[in-house]
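Asker: One-letter residues, chain by chain:
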Amino acid sequence: MSEPAANGGAALAEVSDLSVRFVTREATVHAVNGVSFGVRPGQVLCILGESGSGKTVTLRALMRLLPPRRTEITGTVRVDGRDVLAMSSRALRDLRGGLVSMVFQEPMTALDPVYTVGQQIGETLRRHTGCGRSAARGRALELLELVRIPSAERRLNAYPHELSGGLRQRAMIAMALSCKPRLLLADEPTTALDATVQIQVLVLLRRLQRELGMGMIFVTHDLGVAAEIADTVAVMYAGRIVESGPVARILQAPAHPYTAGLLASTVYGQPRDRDIDAIPGSPPDLRRLSPGCSFAPRCPRRTADCRRAVPEPRFPETGHMAACLLVTGANGRPS
Amino acid sequence: MHPLSPDGLTVDPRDRGGLLQPLLIARGLRKHFPVKGSGEKTVKAVDGVSFTVRKGETLGIVGESGCGKSTLARLLLHLVVPDAGELVFDGDLVDTRELPVDALRRQVQIVFQDSYSSLNPRMPIRDSVAFGPFVQGKKKQQARDIACEMLGKVGLDPDVFGPRYPHELSGGQKQRVNIARALATEPRMVILDEPVSALDKSVEAQVLNLLRALKRQFNLTYLFISHDLNVVRYLSDRVLVMYLGRAVEIGPIDAVFERPRHPYTRALLASRPSMDPAQRIQEAPISGDPPNPIDPPSGCRFHTRCRFAEPPCEKTDPALGVWEGSQPHVVACHMHDVASGHSRLAHV
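Sequence lines, in order, name chains A and B. Read in order, the letters of the first sequence are residues 1 to 335 in our numbering. Read in order, the letters of the second sequence are residues 336 to 683 in our numbering.
Be aware that a few hints might be false.
[Claimed, not checked] Chain B regions said to be covered by chain A (calculated; three or more residues, Cβ under 8 Å):
#	region
1	534-547
2	563-572
3	605-618
Treat the hints as calculated values from the structure; they're not laboratory data. Heads up, the beta-carbon is just placed ideally off N, CA and C, and yes, glycines get one too.
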């Protein structure tokens, strides 16, 4: 399969200046603070970040799966040219599971425990394609075979609790793919799985994504997983994308001190007789974000200027962005 | 507290058997949990596991969920009472007059994965840490002083954090409190049951550094349980690989990671992401999930997923080689047993 062209092709999903705030009586949580990115058909974007970095909230905003009453969303989210933030709830129901679908982290809670796998996949199919019960069942069987569930015929009648963790996640992928989405959102789909099962699901997702030519946004906290699946990586910290670019570039020549720190602090390949270069401190409180670069308090290279304003994106290379004052390269907003 | 003497030998006054006596010997540990409402069925969580922990070493235990590694940790402290098998701590048989269970627990402590649920939510963390020494006979003020000292050792300012409640701390800070709580009773051995699995990567590195520093400072012995092979490799001297309630391979850490012998260990190691987008894994090393421990496969429990499975593997259970003594690297696999009848004998 060819890699997606560097600039050709219209964006399948386009997010610009997205901000998400959760408002409660006690506090306002600034979960996402001005995030912009795009995904083309056939491209895999990994959003990499630690817990509380805003990666899952960003993903959910693409389908507007956030509690409407307590959430303030600003910016624009366009999927296939359509403005998601302006959609009616009816239009949203057509979008979810149709054009865009999602694979969640915990298949046990994402699947309905009182319906069989076949019924759940069938329901999605009938809602979106209007096909009949038996046609839906036939297609569900094809889908279970597509995700390589052994003895698929029998598994169609299984309830989620009767499946192992790996099979459950495959069933959820089958459901997500049932209406041939053009954009697949995956929220840490392998985090709850064992090592030997995780790699099976990653290899499967990568193969399906290529074969079906889908765009995919894959949220993870694991650098190794990103290395296995991503074309491009966007690193999030405190609700902002601090660095983005081609996966090899991000892993081998990170420009932002946070990305560099994250790479240095992984245990992978660390000599045993030395301490790990850990990033000191902990992530900031999203209720009280200080002005300037959010990483500055933990940054070994901070200067007085870092606290003044949020750093503008800079481009050390075409397609490689880092929001850090120390990075040399072209300034400005992405074109 | 118990510094090393100049010749590198311990001068721990509690040492009974000398350096060569393993700190802990587990022999044939077994725990089957009954399954409610299913008659005779049991979950074979730990099914005959034997190993030793040497003084001053870190023994890593790896395996996937359901392999019994957490149950094993609980068996070692009699938090779950074993159905069979015996434990010898520094030469004394556990749960006998020589070493009753509460005396064992003075010397062995545990840190759990879930840092929140292992602290009392209604107690300031200083009191949680002081609780152990207090129960073990220290005066209230003495116990409190120990708690403040231990909080300092794990990098939490006792004046700032001491009066706080668990919900006011981050995950990494709570896990530091749990480590302080475990160390407050001056244990000789600490069981670490997935202590960093719930933490973010940047915090994980801090806690791992802390664990290493504390081990040196207090001359501790660690049993480190994790599903993360990279973390185990970084911290352990030797490693035990578990699969469905059994130990399948035990050996020095570099030997097991560089020359794994059991097909399961090999698959587990090959399943790790490469960290290099140019060398992605094209084919998953093994297919399927681990089988249900209620009804484990006959013979070698890995034979249902093993590429090299042959008739002897389905019939007979491979034994783990003889392991007591020097620095052996042993494996429970018919390919490593000349008498097994397997056609693909490995070079042993």
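Asker: Just pull the numbers of the violated hints for me, sorted ascending.
Answerer: none
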